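Enquirer: Each chain is listed here by its residues.
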Amino acid sequence: MKITLKIWRQDSPKSKGKLETFHLDGVEDDMSFLEMLDMLNEQLATEGKRTVEFDHDCREGICGQCSLVINGQAHGHESHYTTCQTHMRSFKDGQTIFIEPFRAKAFPVIRDLKVDRSSMDRIIQAGGYISAFTGMAPEANSIPIHHNISESAFDSAACIGCGACIATCKNSSAALFMSAKVAHLAKLPQGQVERKERIAWMVNAHDEEGFGSCTHTGACAMVCPQEVELLDIARMNYEYNRALCSTN
Amino acid sequence: MAFIQGLFKTSVARKNIMAVTGLFTAFFLVIHLVGNLILILPDSFFPIEFWDNVASQHDMYNAYSHFLVHFWPISVVAWILYAGLAIHIIDALLITLTNWKAKGEKYVKSDNSTSTWYSRNMGILGIIIGIFIVVHMGQFWLKYKVLGTEHDLYDLVVGTFKQTWVVVFYEIGIIALGFHLAHGITSAHRSLGIHPKSIMNVIKYIGLCFAVVMAVLYGIIPLIIYFNN
Amino acid sequence: MALNAKIPEGPLKDKWQNFLDKTNIVNPANRKKIDIIVVGSGLSGGGAAATLAELGYNVKNFYFQDSARRAHSVAAQGGVNAAKNYKNDGDTIYRMFYDTIKGGDYRSREANVYRMAQLSVDLIDHMTAQGVPFGREYSGYLSNRSFGGVLVSRTFYARGQTGQQLLMATYQALMKQVKAGNLTEYRRHEVLDYVIVDGKARGVIVRDLITGKIERHSAHAVVLGTGGFGKIFYLSTLAMNSNGSATWRAHKKGAYFANPSWTQIHPTALPQAGEHQSKLTLMSESLRNDGRIWVPKKKDDQRLPGDIPSEDRDYYLERRYPAFGNLVPRDVASRAAKERMDAGHGVGSLKNAVYLDFKTAIGIHGKDTIKERYGNLFTMYKKITGIDAYKEPMKISPAAHFSMGGLWVDYELGTSIPGLYAVGEANFADHGANRLGANSLLQASVDGNFVLPNTISNYLSNEIRTGKIATDSPEFEEAEKAVKNQLKKLLAIKGTVPVDQIHRRLGKIMFKEVAMSRNEKGMKWAIDEIKKLRKEFWEHVAIPGDDQGSNSELEKAGRLADYLEIAELMTVDALDRKESCGAHFREEYQTEDGEAVRDDKNYMYSAAWEWQGGKDWKLHKEHLVFNDIEVKTRSYK
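Residue numbers (our numbering), protein chains in the order written: chain A, 7 to 254; chain B, 3 to 231; chain C, 10 to 646.
Derived by calculation from the structure, the hints in this document are not laboratory data. Some clues are possibly wrong.
Unchecked claim - Rough simulated footprint, nothing fancy, chain B against chain A, three-plus residues with beta-carbon under 8 Å:
1) 75-82
2) 134-148
3) 168-178
Keep in mind it's a predicted model, so treat the numbers as computed, not measured. All C-beta atoms, glycine included, are put in the ideal place defined by N, C-alpha and C.
Bound conformation, chain A alone (with noise of 0.2 Å):
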């Protein structure tokens, strides 16, 4: 099939970016969309041209590096999605597709569809963990966990990272993301000892890094490959407000 593509090109943070047109012939059913952008990169390459620069790394949808807003959706238009999973078979021949990276004041566009999303992993550092030096952990069986305890934190643990959340929310939040994983680790009991203060500076650091309040659209929700629920955003706020109220 035959598409044309609006993709922003930005030479670096700096510099003011735009929309370029391309067309493209020959794009099939099968590719994915990462790999119809390789063949563009390959038409350019061939061509001379500066080729366009996008993050991407495992392709199974897991490793959380591909980002891009497709037709005004992270991810693109199927919910649960990540872009490397997203096929051209669920576009339409003629169809223009508008890429642009992922927005909001904490992704600096580094080039063209590259955004530098390390506000994120700040977050983690600063209590997006539990303090278990190598060598010291206790027998692993000494620690029962309730089957649906642990499941229901996985499904919070699931998350892979990518921003999606952020770049669709109206408010640049990252409460999805953060809240993760503290519903993550306040639902384990490993996680107990350093819940209150874990809360505090992971809040502390949302904010410093820029990134706006959460006001419940659940846009978020809808977009996130891995299903991440808005109730951690609740679990979250919980643990907040448990932490305000504790007294030591």
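Knowing the structure of chain A, use the given hints to seat chains B and C on it.
Expert: Relative to chain A, chains B and C alone:
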């Protein structure tokens, strides 16, 4: 304690304040509605025999408003309500400002199908409601309570709702309120940290019902008065 | 230099303890004076970096992704093995050691494998303490599943995302160390060369992938946790940016490369759908527990799978291996699929797949049970192919997966360059000629968290008086110049053939002749083709743009240049080994019914190759001695 600053400053704390003030105001809506439902009681309801003075809707409504103005604890609650509303508005402005700052460049092509329009536009709905409240208070509270230029509130209300623009204006305000509540009630509970799935499912349902009931009941009062005789 | 594996004295089960008892350690007060460069942020590299930072060393962590959490350990699905014996099914450390050695077809070093089995127990404790939500029974205790090639249940899992969960724990530990100031991250930095001063690894030359700047970084030791090079086949289960450059460039600086030709070909990946394809997604091996593999008996059968009656189907694994059936080890399953496809029985538009059919299992257990067991895999299959596998069989195909080969390391994980260490898939240890399922997460984590931090101190204890390593020495100067020259040379080509196109062609050559089954004639042809392709690359590759700022084509080209050399060494290694063992199947050395024939008399060694400046390689043999295990022939009939 280091967390105390977190009571006001962080993004999560600010949402807490929005939630508490919002829910308090929503509770007031119920009280306010109960009194004003007198306005739509049918004539056949009167006189109420076990209540000696109440011969008509007119008397009952004025007795109710007299009570509101002269029973001092109500004034205290009222001032808390005004303060709550003011905090709700100021906090909303602060949050909105931060959120604007957090936004990157606008998407050239945007698609909002992943969320409802009213959840995204709580601010605009809030502004409409704010204007509505100012006009509404100017029409009744100011004249009846503050200035004391009007003594028969019932006549004032019925007279006001005979004007077409007032009815239209009220309906717009009340519809905005309905949508504000439809998102606000659930959102407030999330902000406060209610997270068990089963409870949250019930709250979602209750929030929506509350919004519809409030909007419908408030909405029919001006209409009934307008179309009556 | 002769190979010295530095295996500690004593009985097998005491070796690690003996090592720990006698090894030199660094005084905590002196650790801050010591810089360590760790390349890679996955389970091995990230684990090592976090643990070394915890110990108080000054760690610099380099990786090319945008976050440490992207490392390809993230994609491992099935699980991680540990000899906990929670099931009381007779599992022991020795049994795990035995299974691993046997699975690797008796081509790995006893002492290393035994240590891995010993430390597997601690690893589960460590990961659980860090919050990894492993699968659990309703009683609240940890659950196990069984995996190919073993008789006990020793695999711990976190749904189908075990690698992701282990990596998250490692990443979080890493992030904690960043905040604590013990570790500096260099994200989006690619290591392009190493600096050797007085025979010791003393630093790296890196390129900042955002600004394009070339930087020098020095350290007292360098650790590589840079993974495998299976992406050399272009189509593989690896991530797009996974590469062999970090290990290869170390090789060119003097580190020996061991058993490069041993690449595991995974039998259950999704088939290639067209020329444009970039990646073959892995479907967990666990599917073979309930799925039956078959091809049509008739060549070029055009009927839909549902229309082919069972008498016209060839369940070839059940036919050839009645004992193990669909559960034969990976190398055997892959080879059998290739045999059928080569014979013209492949299915799908490119005739490059076989069916994996769940109809029988759905009939027995019901759709709900199958959904509960494999639901996420069926969903993934549908996302990628658009096909509902509950209704029609999946199409699967073998794909390049894991590099058993890698940098040669001794017991202390040190390469043949003093001060240069290799952990995880980047080294050659532990898996022999074939890796067992769920052992890769284990090896990477154990190397990074438990082994390296203890062994590297033996080396570093001599470095406390060295002081900061200067980066203005002639060695740094020279290495930086070489890197810059190579970039300049690449950019000057200005050809018209895209990088990926050459990579695809290289992949085809390698997959045809140096993958599942190999023969001398084919491999000699392959070497010629590789050389031709290398020439074409250096004359005609198209790299637009410049080296100022992000330029993916330039990055890919640099990696492909290395692949074009690795490919040759892989072939040389495969040609040298005139036997069939594990993943290495030489057509000349097979029984009449097509089974592998190993030659223990002549080939019981690990082949460690030394770079000779581009002309041929010098072979060093590490002879393998098996004192604690009886060497047998693998049979799955």
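Enquirer: Give a verdict on every hint.
Expert: Here's how the hints hold up against the structure:
1. With 4 residues bearing a CB less than 8 Å from a CB of chain B, the stretch 75-82 of chain A meets the requirement of three and the coverage assertion stands.
2. For the stretch 134-148 of chain A, the stated coverage by chain B is not satisfied: 0 residues place a CB nearer than 8 Å to a CB of that chain, which falls below the threshold of 3.
3. Look at the stretch 168-178 of chain A against chain B: 4 of its residues bring a Cβ nearer than 8 Å to a Cβ of that chain, three or more, so the hint holds.
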